[in-house]
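The listed protein sequences correspond, in order, to chains H and G.
Quick note: the first sequence uses my numbering, first residue 1, plus one each step.
Quick note: the second sequence uses my numbering, first residue 1, plus one each step.
What the hints contain is simulated information worked out from the structure, not anything from laboratory work.
Predicted, not measured: the structure shown is a model, and the values here were computed from it.
It is possible that part of the hints are untrue.
Listed below are the simulated SDA-like cross-link pairs for lysine to any residue, each with C-alpha atoms no more than 20 Å apart in a straight line [unchecked claim]:
no.: 1; chain 1: H; residue 1: K185; chain 2: G; residue 2: L155
no.: 2; chain 1: G; residue 1: K24; chain 2: H; residue 2: I163
no.: 3; chain 1: H; residue 1: K185; chain 2: G; residue 2: G208
no.: 4; chain 1: G; residue 1: K185; chain 2: H; residue 2: L155
no.: 5; chain 1: H; residue 1: K185; chain 2: G; residue 2: G188
no.: 6; chain 1: G; residue 1: K24; chain 2: H; residue 2: A159
no.: 7; chain 1: H; residue 1: K24; chain 2: G; residue 2: G30
no.: 8; chain 1: G; residue 1: K24; chain 2: H; residue 2: G161
no.: 9; chain 1: H; residue 1: K185; chain 2: H; residue 2: A159
no.: 10; chain 1: G; residue 1: K2; chain 2: G; residue 2: G30
no.: 11; chain 1: H; residue 1: K185; chain 2: H; residue 2: T210
no.: 12; chain 1: H; residue 1: K24; chain 2: G; residue 2: I163
no.: 13; chain 1: H; residue 1: K185; chain 2: G; residue 2: R190
no.: 14; chain 1: G; residue 1: K185; chain 2: G; residue 2: A159
no.: 15; chain 1: H; residue 1: K185; chain 2: G; residue 2: K185
no.: 16; chain 1: G; residue 1: K185; chain 2: H; residue 2: Y156
no.: 17; chain 1: H; residue 1: K185; chain 2: G; residue 2: M147
no.: 18; chain 1: H; residue 1: K317; chain 2: H; residue 2: L10
no.: 19; chain 1: G; residue 1: K2; chain 2: G; residue 2: L63
no.: 20; chain 1: G; residue 1: K185; chain 2: H; residue 2: R190
no.: 21; chain 1: H; residue 1: K24; chain 2: G; residue 2: G161
no.: 22; chain 1: H; residue 1: K24; chain 2: G; residue 2: T162
no.: 23; chain 1: H; residue 1: K317; chain 2: G; residue 2: M147
no.: 24; chain 1: G; residue 1: K185; chain 2: G; residue 2: I163
no.: 25; chain 1: G; residue 1: K24; chain 2: H; residue 2: T162
no.: 26; chain 1: G; residue 1: K185; chain 2: H; residue 2: G188
no.: 27; chain 1: H; residue 1: K185; chain 2: G; residue 2: S353
no.: 28; chain 1: G; residue 1: K317; chain 2: H; residue 2: R148
no.: 29; chain 1: G; residue 1: K185; chain 2: H; residue 2: M207
no.: 30; chain 1: H; residue 1: K317; chain 2: G; residue 2: R148
no.: 31; chain 1: G; residue 1: K24; chain 2: G; residue 2: D47
no.: 32; chain 1: H; residue 1: K185; chain 2: G; residue 2: Y156
no.: 33; chain 1: H; residue 1: K185; chain 2: G; residue 2: M1
no.: 34; chain 1: H; residue 1: K185; chain 2: G; residue 2: M207
no.: 35; chain 1: G; residue 1: K185; chain 2: H; residue 2: P165
no.: 36; chain 1: G; residue 1: K185; chain 2: H; residue 2: K24
Cβ pair distances, simulated, as ranges [unchecked claim]:
no.: 37; chain 1: H; residue 1: A231; chain 2: G; residue 2: G30; range: 57 to 67 Å
no.: 38; chain 1: G; residue 1: M1; chain 2: H; residue 2: S206; range: 48 to 58 Å
no.: 39; chain 1: G; residue 1: A27; chain 2: H; residue 2: Q247; range: 27 to 37 Å
no.: 40; chain 1: H; residue 1: A51; chain 2: G; residue 2: G305; range: 32 to 42 Å
All C-beta atoms, glycine included, are put in the ideal place defined by N, C-alpha and C.
Protein chains: 2
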Amino acid sequence: MKAGIARERLDGERRVAATPDTVKQLAGLGLEVEVESGAGLASGHSDQDYAAAGATVVQSLDLGSLDVYCHVRPMEPSTAEALRRGSVTVGLGSPASELPTVQALASGGITSFALELVPRISRAQSMDALTSQALVAGYRCVLEAAMRLPRFFPLYMTAAGTIPPARVLILGAGVAGLQAIGTAKRLGARVSANDIRPASADEVASMGGTFIKLDLETAEASGGYARELSADRGALQRALLAPHVAQADVLITTAAVPGRRAPLLVTREMVQGMRPGSVVVDLAAESGGNVEGSIPGQDLPIPTGDGHGTVTLVGIKDAASAMPADASRLFAKNVANLLALMTRDGTVSPDFSDEVVAGTCLTHHGDVRHMPTAEALAAQPRSEGAR
Amino acid sequence: MKAGIARERLDGERRVAATPDTVKQLAGLGLEVEVESGAGLASGHSDQDYAAAGATVVQSLDLGSLDVYCHVRPMEPSTAEALRRGSVTVGLGSPASELPTVQALASGGITSFALELVPRISRAQSMDALTSQALVAGYRCVLEAAMRLPRFFPLYMTAAGTIPPARVLILGAGVAGLQAIGTAKRLGARVSANDIRPASADEVASMGGTFIKLDLETAEASGGYARELSADRGALQRALLAPHVAQADVLITTAAVPGRRAPLLVTREMVQGMRPGSVVVDLAAESGGNVEGSIPGQDLPIPTGDGHGTVTLVGIKDAASAMPADASRLFAKNVANLLALMTRDGTVSPDFSDEVVAGTCLTHHGDVRHMPTAEALAAQPRSEGAR
Chain H
1 MKAGIARERL DGERRVAATP DTVKQLAGLG LEVEVESGAG LASGHSDQDY
51 AAAGATVVQS LDLGSLDVYC HVRPMEPSTA EALRRGSVTV GLGSPASELP
101 TVQALASGGI TSFALELVPR ISRAQSMDAL TSQALVAGYR CVLEAAMRLP
151 RFFPLYMTAA GTIPPARVLI LGAGVAGLQA IGTAKRLGAR VSANDIRPAS
201 ADEVASMGGT FIKLDLETAE ASGGYARELS ADRGALQRAL LAPHVAQADV
251 LITTAAVPGR RAPLLVTREM VQGMRPGSVV VDLAAESGGN VEGSIPGQDL
301 PIPTGDGHGT VTLVGIKDAA SAMPADASRL FAKNVANLLA LMTRDGTVSP
351 DFSDEVVAGT CLTHHGDVRH MPTAEALAAQ PRSEGAR
Chain G
1 MKAGIARERL DGERRVAATP DTVKQLAGLG LEVEVESGAG LASGHSDQDY
51 AAAGATVVQS LDLGSLDVYC HVRPMEPSTA EALRRGSVTV GLGSPASELP
101 TVQALASGGI TSFALELVPR ISRAQSMDAL TSQALVAGYR CVLEAAMRLP
151 RFFPLYMTAA GTIPPARVLI LGAGVAGLQA IGTAKRLGAR VSANDIRPAS
201 ADEVASMGGT FIKLDLETAE ASGGYARELS ADRGALQRAL LAPHVAQADV
251 LITTAAVPGR RAPLLVTREM VQGMRPGSVV VDLAAESGGN VEGSIPGQDL
301 PIPTGDGHGT VTLVGIKDAA SAMPADASRL FAKNVANLLA LMTRDGTVSP
351 DFSDEVVAGT CLTHHGDVRH MPTAEALAAQ PRSEGAR
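Extracted from the complex, chain H is given alone in its bound form:
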């Protein structure tokens, strides 16, 4: 069977769905691998590297000839339409926001797998791209903050006086948040964190952070993800967080609710309560933002309430793509590991009795198998009619 590796086309996307290393893994499964020329360049892999690993490098993939199509970002509907009926795709699907593509995949009879849907069970961890990419994003956002802060993260005792460590506050302690805690701690900052999930206090402490306990009920949904708070409790949460935000030199927000708009944790007023020169990094800017007014890919100067200066509000965009070599290394392993689970004797044939295969499948044989997405698609014509 022939597997194709796409050169990503979305502006700002620098990752790739296979590395020379995983090309060897896929070849070992008995797959023939085609790589689009230049696909790995930003990740440090030349066409020659792929060829040396056993892939055929082509100027452009002939989509209709592929049995398997591997990608990073959700594909365009036109890509889905060009694929052969019965072929298999693996990559990010963003099903909630890419309904036209999901529709095209279903209509085209494609068996598509969306890595966001990988079940959060131990056996599937090696395929969990949300986790692997959040690791990169969490590390990255601390560097982005440190670069913009007009002062040091670590404590320094010098002949010209002692410089206290920067105070870093992390809101949201999932994979990205925990990684941010660990990285800020490595750099020598004083780190505190909050999350609404009950397990967080121990996890924050294990990364070296101080857990901020708010007088709020905790909220956890299935799979260890946070669930949405009601409007009242959201307001209470913000009120309780405000004094902690005001104390911070750096605020990093990483709170996400899968498939939904990110929760608003920090109002403009809270940002204005910070000291001049402070930095706010909103890792959730692309999914609606944890911080009021953040814009993906932009640094905004927010005047402080005392009129003495500004706070820099950073809307993060493509965090994982900013470190494409290691982000691709992990992502490509996630893709290859899922394909390994589904491949026997050189043939990719998903076994839907396997919980991981079944859970990750987005479309198959014309059906949308991910229920929330199927419901969203079914609801779509009606909501349009209601306008």
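Given the coordinates of chain H, assemble chain G onto it according to the supplied hints.
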């Protein structure tokens, strides 16, 4: 006596020579302090903050009315000319490269102190601006490298495989280099370093780095600074370094010889021998560069020798100014501590029998007291005549 604090005018310069904290210190010495409006903004200090600390904030300093003038960057000749005969100045002087200003200071009868000239003795450490600013630069250049590297600094053991730590090589282990070693180590990299001074091996090890021993004689001049190597030995040094450079994911060069062009440690060929995606940060770019072809303030993509990708060559510019809050905090203390040494009962009157005062003085009573600078000035008309 009246001390004036300048708003720096050089493009890219964001530091300030006094903070609200040191305004209090200067006021405590009996000095009246005037601060130019906006002088501390980039460092996070508003005019109100200075006023609250006891300073008078003015739209623009009346230079002729000042007894003391405090600045960061070397002043323009026109500034020196506007100062009152007998007044005292404290700041960076860059005497080797700012001869017209030195001439103007001498002609104008200014008693000027250049913080680069502070003797490297224990008692003077609290006034040593080269050291305090190198601390900032050393930390900063690691962040600059980490931001551009397409991969992690730390080791990660993840469900999708183990990511080895980045290999960071630091050339030049003075204050900035040691700080870079410590910061890269904090971030989890595997760090090695080299310096031609004999004391370096222990210092590198104490910061957590591995010292690379080259088969070269060591070279140390007075004050613990490195001295220049002969042309032959420079070539041998580069040949011995080449294999270490080729192994590095990140190369940071910090080698400087005071008052001279920075030594060329890394040729273009050595950079081309690195792997695609590697990053080279030249902290000495502004003083001629340790790396062939580096340009201050620019990122240059250098094609690797195998034609498989590029190395990013970063010429650092204004490293300390990139973190103005803490850089100013330390610099302002250096300035205030030197003034404290020279002030009795509210009067600044330098005692030239003090080794620190005498060593730091650049011009006094019409004379250039720093011998190398006096010689350079004396040599100037002759070399012009020879053309």
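Tested hints:
{"no.": "1", "hint": "H:K185 with G:L155", "verdict": "holds (15 Å)"}
{"no.": "2", "hint": "G:K24 with H:I163", "verdict": "holds (18 Å)"}
{"no.": "3", "hint": "H:K185 with G:G208", "verdict": "holds (17 Å)"}
{"no.": "4", "hint": "G:K185 with H:L155", "verdict": "holds (15 Å)"}
{"no.": "5", "hint": "H:K185 with G:G188", "verdict": "holds (11 Å)"}
{"no.": "6", "hint": "G:K24 with H:A159", "verdict": "holds (19 Å)"}
{"no.": "7", "hint": "H:K24 with G:G30", "verdict": "violated (75 Å)"}
{"no.": "8", "hint": "G:K24 with H:G161", "verdict": "holds (15 Å)"}
{"no.": "9", "hint": "H:K185 with H:A159", "verdict": "violated (24 Å)"}
{"no.": "10", "hint": "G:K2 with G:G30", "verdict": "holds (9 Å)"}
{"no.": "11", "hint": "H:K185 with H:T210", "verdict": "holds (11 Å)"}
{"no.": "12", "hint": "H:K24 with G:I163", "verdict": "holds (18 Å)"}
{"no.": "13", "hint": "H:K185 with G:R190", "verdict": "holds (18 Å)"}
{"no.": "14", "hint": "G:K185 with G:A159", "verdict": "violated (24 Å)"}
{"no.": "15", "hint": "H:K185 with G:K185", "verdict": "holds (13 Å)"}
{"no.": "16", "hint": "G:K185 with H:Y156", "verdict": "holds (16 Å)"}
{"no.": "17", "hint": "H:K185 with G:M147", "verdict": "holds (17 Å)"}
{"no.": "18", "hint": "H:K317 with H:L10", "verdict": "holds (13 Å)"}
{"no.": "19", "hint": "G:K2 with G:L63", "verdict": "holds (10 Å)"}
{"no.": "20", "hint": "G:K185 with H:R190", "verdict": "holds (18 Å)"}
{"no.": "21", "hint": "H:K24 with G:G161", "verdict": "holds (15 Å)"}
{"no.": "22", "hint": "H:K24 with G:T162", "verdict": "holds (17 Å)"}
{"no.": "23", "hint": "H:K317 with G:M147", "verdict": "holds (14 Å)"}
{"no.": "24", "hint": "G:K185 with G:I163", "verdict": "holds (16 Å)"}
{"no.": "25", "hint": "G:K24 with H:T162", "verdict": "holds (17 Å)"}
{"no.": "26", "hint": "G:K185 with H:G188", "verdict": "holds (11 Å)"}
{"no.": "27", "hint": "H:K185 with G:S353", "verdict": "violated (47 Å)"}
{"no.": "28", "hint": "G:K317 with H:R148", "verdict": "holds (16 Å)"}
{"no.": "29", "hint": "G:K185 with H:M207", "verdict": "holds (18 Å)"}
{"no.": "30", "hint": "H:K317 with G:R148", "verdict": "holds (16 Å)"}
{"no.": "31", "hint": "G:K24 with G:D47", "verdict": "holds (14 Å)"}
{"no.": "32", "hint": "H:K185 with G:Y156", "verdict": "holds (16 Å)"}
{"no.": "33", "hint": "H:K185 with G:M1", "verdict": "violated (46 Å)"}
{"no.": "34", "hint": "H:K185 with G:M207", "verdict": "holds (18 Å)"}
{"no.": "35", "hint": "G:K185 with H:P165", "verdict": "holds (17 Å)"}
{"no.": "36", "hint": "G:K185 with H:K24", "verdict": "violated (33 Å)"}
{"no.": "37", "hint": "H:A231 with G:G30: 57 to 67 Å", "verdict": "holds (59 Å)"}
{"no.": "38", "hint": "G:M1 with H:S206: 48 to 58 Å", "verdict": "holds (57 Å)"}
{"no.": "39", "hint": "G:A27 with H:Q247: 27 to 37 Å", "verdict": "holds (29 Å)"}
{"no.": "40", "hint": "H:A51 with G:G305: 32 to 42 Å", "verdict": "violated (19 Å)"}
Consistency note: the structure conflicts with the earlier hints numbered 7, 9, 14, 27, 33, 36 and 40.
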